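Novice: Assembly of the complex is requested from the two constituent chains, each provided in isolation within its own frame, with the hints serving as guidance.
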Amino acid sequence: MATNSLPKADLTSSGRPVFLPNEIECSILSSVDLECDDISNFPLLKSGLLILTTHRLLWLPDNNPSSSAAAVALPLSFLTHIFSTKKSVKTLFHSPRVRFQASLDPSKSVVMTAVMRGKGDTDAFLAKFWENWRARAWENDVQTQTQAQTAVGSTSVSGSGPASGSGGFYTREGAVRMVGVSGILRKEQEMWESTDKSLQEAFQDLNALMSKAKEMVILAEKMRQKLLSGSNSKSSATNDDEVGSKEEMQDWMLSVGIVSPVTKESAGALYHQQLSRQLADYVRIPLERAGGMINLIDVYCLFNRARGTELISPDDLLRACSLWEKFDVPVMLRKFDSGVMVIQNKSHSDEEVFARIKALVTNPDTLRTGISASDAAMTLGIAPGMAKEHLLTAESKGLLCRDISPDGFRFYVNLFPEISTDDVYLVKDYGIYNTWVRVASASRLE
Amino acid sequence: MQKLGDFKLPHFFNYPPYFTLQPVRDTREKQVQLWKDLILDYCRTQKIFVIGLEEEDFALFSNPVIERSLSHEARAAFLSALVSEGRAEWLDKGHRKCLILWHRVQDWADIIFRFVKDNGLEDSVMTVEEIRSGIESRGTELHGIDRTILMRALRVLEQKGKLAIFKGTSADDEGVKFSMEPF
Chain F
1 MATNSLPKAD LTSSGRPVFL PNEIECSILS SVDLECDDIS NFPLLKSGLL
51 ILTTHRLLWL PDNNPSSSAA AVALPLSFLT HIFSTKKSVK TLFHSPRVRF
101 QASLDPSKSV VMTAVMRGKG DTDAFLAKFW ENWRARAWEN DVQTQTQAQT
151 AVGSTSVSGS GPASGSGGFY TREGAVRMVG VSGILRKEQE MWESTDKSLQ
201 EAFQDLNALM SKAKEMVILA EKMRQKLLSG SNSKSSATND DEVGSKEEMQ
251 DWMLSVGIVS PVTKESAGAL YHQQLSRQLA DYVRIPLERA GGMINLIDVY
301 CLFNRARGTE LISPDDLLRA CSLWEKFDVP VMLRKFDSGV MVIQNKSHSD
351 EEVFARIKAL VTNPDTLRTG ISASDAAMTL GIAPGMAKEH LLTAESKGLL
401 CRDISPDGFR FYVNLFPEIS TDDVYLVKDY GIYNTWVRVA SASRLE
Chain D
1 MQKLGDFKLP HFFNYPPYFT LQPVRDTREK QVQLWKDLIL DYCRTQKIFV
51 IGLEEEDFAL FSNPVIERSL SHEARAAFLS ALVSEGRAEW LDKGHRKCLI
101 LWHRVQDWAD IIFRFVKDNG LEDSVMTVEE IRSGIESRGT ELHGIDRTIL
151 MRALRVLEQK GKLAIFKGTS ADDEGVKFSM EPF
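Chains F and D, in that order, give the protein sequences.
Each residue of the first sequence is one higher than the last, beginning at 1 in the UniProt record's numbering.
Each residue of the second sequence is one higher than the last, beginning at 1 in the UniProt record's numbering.
Be a bit skeptical, because a hint or two may be false.
Derived lysine-lysine pairs resembling DSSO-like cross-links, with alpha carbons at most 30 Å apart [as the list claims (entries may be wrong)]:
id : chain 1 : residue 1 : chain 2 : residue 2
1  : D       : K30       : F       : K388
2  : D       : K8        : F       : K428
3  : D       : K177      : D       : K162
4  : D       : K47       : D       : K117
5  : D       : K177      : D       : K93
6  : D       : K162      : F       : K335
7  : F       : K46       : F       : K87
8  : D       : K97       : D       : K8
9  : D       : K47       : D       : K97
10 : F       : K428      : D       : K97
11 : F       : K326      : F       : K119
12 : D       : K47       : D       : K167
13 : F       : K335      : F       : K397
14 : F       : K428      : D       : K177
15 : F       : K397      : D       : K30
16 : F       : K346      : F       : K397
17 : D       : K36       : F       : K397
18 : F       : K335      : F       : K388
19 : D       : K93       : D       : K117
20 : F       : K214      : F       : K187
21 : D       : K162      : D       : K117
22 : F       : K358      : D       : K93
23 : F       : K86       : F       : K128
24 : D       : K97       : D       : K117
25 : D       : K30       : D       : K117
26 : D       : K167      : F       : K428
27 : F       : K86       : F       : K108
Far from chain D, by Cβ distances over 12 Å, these chain F residues were calculated [unchecked claim]:
id : residue
28 : M116
29 : E139
30 : F327
31 : V424
Because the hints were derived from the structure by calculation, they are not lab data.
Nothing here was measured: the structure is a model prediction, and the numbers come from that model.
Cβ coordinates follow ideal geometry from the N, Cα and C atoms, glycine included.
Just chain D, with the same shape it has in the complex (with noise of 0.2 Å):
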């Protein structure tokens, strides 16, 4: 099975017609369910957040086996349709990068939640940098989550009062006051 680093592709990868936007409805939108789970896949396989359109770096959108490339229009068209899933979102108004929700962020803030209690952290402060790559967060999800998602997800959590954020001490650094009772 071909391979892109350690992730599997699917046979279809090969498949010219898979990087042309079809223009026939009912393949189109086979088409576009097939690159959009294959881009979830591939994103939370490899922990990649953020997608730039006019990148080459984004490795999924070009195969060189058999010397096939998506092109922008193709891109924008998927990235859009994992949009309007709300699966990601544009960062950008030029829609030039784009965040990947493989996990939405309420699923984000459930991670962050159980990581909590598995650490026996429902009353500490930890930066939130702590969170992202301290010692704790090593092996499982959170490490190296992408700062904005987790900022996010804290923000679910802290409207439900499951925590406070607060600015920390050096300029750019904010921390968090959990405030979660032992069940």
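If we strip away everything but chain F, and leave its shape as in the complex, we get (with noise of 0.2 Å):
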């Protein structure tokens, strides 16, 4: 088929890329254009974000709701070649650009480029992406699955050595036959030799982790004097131990296995950005079952612990949740009179929660009793803290009174509207305070 651009990218309804399994995000930058001009009628693609993985390229439109853009994305496997950037007096002026080749069609190769408009470090960018096209994550995808999440990752060999070699045994062409005393001795033999390996191997993955450990240290030592020397981590790339040890970290990082959290390292000063779509990502299950509305103070720990390493602080999470204001993601951060913050859908309405404690309220019990915070809860299904705000806000709109007593702190159905000033002793034919009346009254006759 003739493609006359790249693929579809899927996004999260907060405009998140959906990853593929085991692909990890490792770069981000804004104000990109991306260009091809072997191809004719290629899309606008202008001012968007570049998100460098280890499986693919993806280029997000911005919140700019005027671009019609779509998000796309190059599989890394595609590329055939990437240019290295010649600096000249020429670019000195113009924004950096990246120029790599691929082949979208079998018989057809194209030019695109990358032109850097923002503030990224593209020399790091160009760096990245070099190697994760020479790492060809996505071809390991394909072989067992524990290769791309084994922690040691410095000798392959052991990494998929568990996969065949204990297995190698059973599966062999022309499966030796288990009878006899034969049989049973060679069973023992092989027990033997296949707890030997294990042996060996775990001495290995012993061995690789010392060398790691003192990876570690020298790692420490450089950060610790990186530290010292206050150098400002935006400073252009031109020193090559800064750039390695920050290539290190990142790797080392990744490879002890987080799975694309959204650091500070790859996303720079976009970082609370996408922090805050990851978060109306993430928070849309929790939000479901506990009903729509969820305490900050949860979310903080739900999120923190889902993140597992990469932990946020409490400034982060309210910093992500008040971007939430300039995107379009279907929740939203909420402050109530009493100070509670919570996170709730947008398509949450307020209205029908009052409707339903209106009704909750004026059954024939209830009109006599009143209800508590937590009977609230329980016929609204949610926390018993979210109910007393909602009962407290509907006090508010004068729906519900309040009754404080030795038998607690309750809520009744806001009769005084109904009260007559002018003849105190007025009750109408109809209503609620008719009901009222005659439900109280007939109580008192039990």
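Specialist: Below, the structure written as structure tokens:
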């Protein structure tokens, strides 16, 4: 099929890319144009977000609603060549460009250019681009899964060893027949050999671990020195040593199994933006379970627990939530008069909750006895703390009245508007006051 | 209908939120209005002139049927509202006792005026005590009136020249000389 654009990239409802299994996000740059002179009718991909992962190069349109471009993704497997940047007088005055060659069609090879108009570190990006392409992470997915997640990546032999080793004897051609005494002996022999192999591998792992530990010490020392010298991380990456250790740090973190948390490393100044979107994605399911509203403190615990490492601070969380106003995400932060902050679906309707509360307080029993926050929580299917906030809000709207006594803090339907000041003994023949009078009198006769 | 003594209580007296000071403004305004009117009505029918905040004497502040009682804060709020409206006065700086004017002082003055006229006392002399507990006062609103209020009302009339107050024979009893012309 003749293609005149890149394959489409799937996004979540909060604008984050949907990642492939084992795909890890490595680098994000903003204000990037993606151009291709070799294809006529190539779509206008201007000023978007360029995301490099272990498997693909993604381009996402930014928040601007006027841009009609769709998110696209170039699998790294389609790459045939990455051009190195020539530094010349001309390049000093223009935005940095990264050019690469890819084959979208089996027959055709095109050259594409990514123009970096933003403030990101292009050289670091280019280096990572090369690395990810060389690493060919997508090929590993075809093989056993254990390889991609192994914590010790230095020797690939030990990684693939267990997969083919322990299974080898039993799946090889011309399976050995296990009968008779020779069979028993054979079995024992095989068990012994496989144990031996596992031990060897364990020790190899241990050796690998030891060498990694040494690397860690060197890395920690480098970082310590970097901190001491107080260098600015935004300075140009002419110092190979700085770039090197940053890369190493990132690799190490990725290899320890953090599958693409949005870290300050990979997104730089966009950290809070991307965190904000990731949070919006994450919070969707807990919100449903909690009935549409969750306390911010609970979100803080849940989100950090899900991240595992790379925990975010309460301040980060608050900032991420505040950024939602700028994006088109289906959730929002809400602060109650009492100071309690919650995350709720934008589609959450207070009116609907009030209608349910009203129905709850006007049945014959609750007319007489009122409701507590826990009663409301059970009926509405939400946490008691949230229920109390709803009740207080309903009270402030004039729907309910409070009753504070040794029996506790309860709410009744608000009858005050129904009482006439001209004749305090008057009870109309209809309406909620009438119903209440009848119910209240009836109960006293019991 | 529920009663407190011989006073007919309205239905909302059994509505528990009526006994909790409401925080929401509109609701609070209604609640205060209802309490003010109820207090004045009750005091007038029971001839209560002074309410003590901390005592259990004033039965209206509690409802044993629903086991609710107004908090001190609530009592102070409702009585203060009456004071602001000129229907009550604090008798002490600590706001522990409140004088209830279910008739305003001017209204009492008018009542005394009519009382004098009705009984043909335009030129006579009476002690203050006689005015409030004498034979003539029986069956009238003046009977058993609070002394403080009576004195105030008398002074209003004195200012208008309708009577003169003077010290009586005993140390604590004052007398009144009416000088109202028959019309």
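Novice: Each hint needs a verdict: does it hold in this structure or not?
Specialist: Hint by hint, here is what the structure shows:
{"no.": "1", "hint": "D:K30 x F:K388", "verdict": "holds, 24 Å"}
{"no.": "2", "hint": "D:K8 x F:K428", "verdict": "holds, 18 Å"}
{"no.": "3", "hint": "D:K177 x D:K162", "verdict": "holds, 9 Å"}
{"no.": "4", "hint": "D:K47 x D:K117", "verdict": "holds, 23 Å"}
{"no.": "5", "hint": "D:K177 x D:K93", "verdict": "violated, 34 Å"}
{"no.": "6", "hint": "D:K162 x F:K335", "verdict": "violated, 66 Å"}
{"no.": "7", "hint": "F:K46 x F:K87", "verdict": "holds, 24 Å"}
{"no.": "8", "hint": "D:K97 x D:K8", "verdict": "holds, 25 Å"}
{"no.": "9", "hint": "D:K47 x D:K97", "verdict": "holds, 16 Å"}
{"no.": "10", "hint": "F:K428 x D:K97", "verdict": "violated, 38 Å"}
{"no.": "11", "hint": "F:K326 x F:K119", "verdict": "holds, 21 Å"}
{"no.": "12", "hint": "D:K47 x D:K167", "verdict": "holds, 27 Å"}
{"no.": "13", "hint": "F:K335 x F:K397", "verdict": "holds, 16 Å"}
{"no.": "14", "hint": "F:K428 x D:K177", "verdict": "violated, 53 Å"}
{"no.": "15", "hint": "F:K397 x D:K30", "verdict": "holds, 15 Å"}
{"no.": "16", "hint": "F:K346 x F:K397", "verdict": "holds, 20 Å"}
{"no.": "17", "hint": "D:K36 x F:K397", "verdict": "holds, 24 Å"}
{"no.": "18", "hint": "F:K335 x F:K388", "verdict": "holds, 14 Å"}
{"no.": "19", "hint": "D:K93 x D:K117", "verdict": "violated, 38 Å"}
{"no.": "20", "hint": "F:K214 x F:K187", "verdict": "violated, 40 Å"}
{"no.": "21", "hint": "D:K162 x D:K117", "verdict": "holds, 12 Å"}
{"no.": "22", "hint": "F:K358 x D:K93", "verdict": "violated, 45 Å"}
{"no.": "23", "hint": "F:K86 x F:K128", "verdict": "holds, 17 Å"}
{"no.": "24", "hint": "D:K97 x D:K117", "verdict": "violated, 34 Å"}
{"no.": "25", "hint": "D:K30 x D:K117", "verdict": "violated, 41 Å"}
{"no.": "26", "hint": "D:K167 x F:K428", "verdict": "violated, 56 Å"}
{"no.": "27", "hint": "F:K86 x F:K108", "verdict": "holds, 26 Å"}
{"no.": "28", "hint": "M116", "verdict": "holds, 57 Å"}
{"no.": "29", "hint": "E139", "verdict": "holds, 67 Å"}
{"no.": "30", "hint": "F327", "verdict": "holds, 35 Å"}
{"no.": "31", "hint": "V424", "verdict": "violated, 4 Å"}
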